[in-house]
Amino acid sequence: MRVELRNLCKRWGNVVGVDNISLEIKDSEFVALLGPSGCGKTTTLLMIAGIYKPTSGEILFDGRIVNHIPPKDRNIGMVFQSYALYPHMTVFENMAYPLKLQKVPKDEQRRRVQHVADMMGIGHLLDRKPGQLSGGQQQRVALGRALVKDPELLLFDEPLSNLDARLRLTMRGEIKRRQMELGITSIYVTHDQVEAMTMADRIAVIKDGKLQAYDTPDELYERPRTLFIAGFIGNPPMNLINGVEVVRDGEEYLARHQAFCLRVPAERGKHVAAKGEVILGIRPEDISLADDGQDGMRGEVYVVEPLGRDDLVNVELPGNTFIHFLADPALRLKPGTPVALCFNTEKVQFFDPRTERSLLWH
Amino acid sequence: MAIWVETERTGGLSRQLRSSMAYVLLIVSIIPILVGYAWLLIATFSYRTEGLLPKDAEGHVGGWTLANWAFVTDPLIWRVTLNSLLIALAMVVGVGLASSLAGYALSRMNFVGRRGFLSMTLILHAFPSVTLLISIFFVLQAISALPGFGNIFGYNTVGGVALVMVSLDLPLGIWLMKGFFDNISWDMERAALIDGASRFRVWWEIIMPQIRPGLAALAIFTFLTGWSAYLIPATFTIGTKVSNLPVYINYLMSETSPTNWNQIAAVGLFQMIPILVFFFFTQEKLLNIYSGGTKGGV
Ligand SMILES: Nc1ncnc2c1ncn2[C@@H]1O[C@H](COP(=O)(O)OP(=O)(O)OP(=O)(O)O)[C@@H](O)[C@H]1O
Ligand SMILES: [Mg+2]
Numbered sequence: 001m002r003v004e005l006r007n008l009c010k011r012w013g014n015v016v017g018v019d020n021i022s023l024e025i026k027d028s029e030f031v032a033l034l035g036p037s038g039c040g041k042t043t044t045l046l047m048i049a050g051i052y053k054p055t056s057g058e059i060l061f062d063g064r065i066v067n068h069i070p071p072k073d074r075n076i077g078m079v080f081q082s083y084a085l086y087p088h089m090t091v092f093e094n095m096a097y098p099l100k101l102q103k104v105p106k107d108e109q110r111r112r113v114q115h116v117a118d119m120m121g122i123g124h125l126l127d128r129k130p131g132q133l134s135g136g137q138q139q140r141v142a143l144g145r146a147l148v149k150d151p152e153l154l155l156f157d158e159p160l161s162n163l164d165a166r167l168r169l170t171m172r173g174e175i176k177r178r179q180m181e182l183g184i185t186s187i188y189v190t191h192d193q194v195e196a197m198t199m200a201d202r203i204a205v206i207k208d209g210k211l212q213a214y215d216t217p218d219e220l221y222e223r224p225r226t227l228f229i230a231g232f233i234g235n236p237p238m239n240l241i242n243g244v245e246v247v248r249d250g251e252e253y254l255a256r257h258q259a260f261c262l263r264v265p266a267e268r269g270k271h272v273a274a275k276g277e278v279i280l281g282i283r284p285e286d287i288s289l290a291d292d293g294q295d296g297m298r299g300e301v302y303v304v305e306p307l308g309r310d311d312l313v314n315v316e317l318p319g320n321t322f323i324h325f326l327a328d329p330a331l332r333l334k335p336g337t338p339v340a341l342c343f344n345t346e347k348v349q350f351f352d353p354r355t356e357r358s359l360l361w362h
Numbered sequence: 363m364a365i366w367v368e369t370e371r372t373g374g375l376s377r378q379l380r381s382s383m384a385y386v387l388l389i390v391s392i393i394p395i396l397v398g399y400a401w402l403l404i405a406t407f408s409y410r411t412e413g414l415l416p417k418d419a420e421g422h423v424g425g426w427t428l429a430n431w432a433f434v435t436d437p438l439i440w441r442v443t444l445n446s447l448l449i450a451l452a453m454v455v456g457v458g459l460a461s462s463l464a465g466y467a468l469s470r471m472n473f474v475g476r477r478g479f480l481s482m483t484l485i486l487h488a489f490p491s492v493t494l495l496i497s498i499f500f501v502l503q504a505i506s507a508l509p510g511f512g513n514i515f516g517y518n519t520v521g522g523v524a525l526v527m528v529s530l531d532l533p534l535g536i537w538l539m540k541g542f543f544d545n546i547s548w549d550m551e552r553a554a555l556i557d558g559a560s561r562f563r564v565w566w567e568i569i570m571p572q573i574r575p576g577l578a579a580l581a582i583f584t585f586l587t588g589w590s591a592y593l594i595p596a597t598f599t600i601g602t603k604v605s606n607l608p609v610y611i612n613y614l615m616s617e618t619s620p621t622n623w624n625q626i627a628a629v630g631l632f633q634m635i636p637i638l639v640f641f642f643f644t645q646e647k648l649l650n651i652y653s654g655g656t657k658g659g660v
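In order, the protein sequences belong to chains A and B.
Under the working numbering, the letters of the first sequence match residues 1 to 362, in that order.
Under the working numbering, the letters of the second sequence match residues 363 to 660, in that order.
It is possible that part of the hints are untrue.
[What the hints assert, rightly or not] One side of the interface only, derived from the structure: several residues of chain B facing chain A at Cβ under 7 Å:
1) E412
2) P490
3) L555
4) I556
5) P571
[Unchecked claim] To spell it out: a stretch of chain A is covered by chain B in this simulated footprint if at least three of its residues, at any positions, have a beta carbon under 8 Å from a beta carbon of chain B; those stretches are:
6) 3-14
7) 45-53
By construction, these hints were calculated from the structure, which means they are not laboratory data.
From a predicted model like this one, the values you see are computed outputs, not experimental measurements.
A virtual CB, placed ideally from N, CA and C, is assigned to each residue, including glycine.
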């Protein structure tokens, strides 16, 4: 099912939950709504579900305005962060409830619930009450209940945030897999950018109720259009260095800062030259230690945070500037070690500090 | 467990002393109540009493008798008991139904006048019912004038008394039920709406089963209120001897002279029996009303 939001707004008195969001979701696409806590993700989802009435704007399913259609007639399945299982019913009754309401015959109910339960690996738990299940099992029941009625649209509201890290990883893969197999259009709310990056076909980044960007994960990662997206997408986050000035130097462009002077490729530098002070962005993985003899920017290791595969190293550059980069743990960097760093200048980003927009991508 | 043993050992004597002091204090303070109950029990089976000792006509210890219980053969007592029961049951049903519907609406829906309604119910609850007696009298008279309806819920009827008692108890019931509904997550309700349930089915099939302990507690409280009600039945069934049990006791006190206290004690005990049985089986639920209902789910 295609979903379209047109200038969607939700206000409660002076509180603005969702501010003029427009976006289009293709059939069987998996879209993540990503944003910090309180930015209006749940509100958007509940409007799509029909629980909240939009203050203004339209919601369209397959080109049809559904603003006034009650939730039960929208044929959607929803999975909540709290699972929202009915504690007084068994797993079977929980999963059969949507079918019971559709007046599906008893034996067909049993067949369909069993089918979905087996698919979710909870076929042996049907007689238990939700209180007798682990968090991961409850999560599967919730997903099963959403799937059992063959919805045309699946809504997820941070379904994995109550699970431990390992289970989250498993379920992430599982949800993505089911969604691809069944081809159900899905909207997935999360504040975890890794979840959004790994699962979604496209990500809608929301901040303060406004749509910041709506693009594929790669595009958001490689070509962040605003400072917010640059800082929000990617883990560990992008280094953002204030007070950089880019000047033309013959055929080349130089990015100058109190602590360093970088040669920048022309196709990036030409957009930024003579724009005054700008913000330079560079991801930790695009910074490396300078080889011997190579001229790097000098600094001193401030903190080392082992991440397992890499060490996340915080380096202090002259002028009280700190930047993160990823180093090989075998190097055994210690606080106080002097280092020379080298930027992959093909990947640097530039932002206007006033508008907070990218100077490279529009 | 280990920690407990530890403190027991180190804190030893003073701790034990303190806990036994608490017991002594508690026991001493309930002695008057226990003595009262003991007297009640003894008095109902004796000719007369001196202190806690049953005495016969000559003043010797003894004089056990069942005469005080003769009232159970009087058909009047059973009609009175039936009235007590009817009032109590009407209250359970009326208060339970109205406050679970109103409490749900107040907890979940946003409508014009919601806040005003909530504060009004609170203010009404603060009114002592005595101050309302006269105005209620006029209302009941107006109801009596209605054809048909007036015979059931008018002045001087059990229905009328029940109606008044239900309305006086509603503010408390509504607030309690609203509190129970407030404790239930919105998500569950939203999930049910998306699953395809109507608002009413959500209320009945999803929400109500989860506040059952709270509802039970409310039912018990209103039953007790109705069962032992005196003021309203006494006021609004003037002219008929057939009111409820507490009124009947009062009638015994004023009509027989000299007052036969032992007989009154017997009727009092008679009235208490169902309540004692009731408490015995429901005390756990009753405690629930203070601890917020659905803790532990299921
Ligand atoms: N019923 C409501 N009445 C008033 N304000 C509300 C209501 N629901 C949400 N809001 C406000 O709207 C904003 C968006 O809330 P929303 O629940 O959509 O955030 P969210 O993005 O889902 O956050 P989280 O990640 O914490 O779940 C918040 O500022 C919130 O306080
Ligand atoms: Mg939310």
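**Report entry** In rising order, the numbers of the hints this structure does not comply with
**Finding:** 1, 2 and 6
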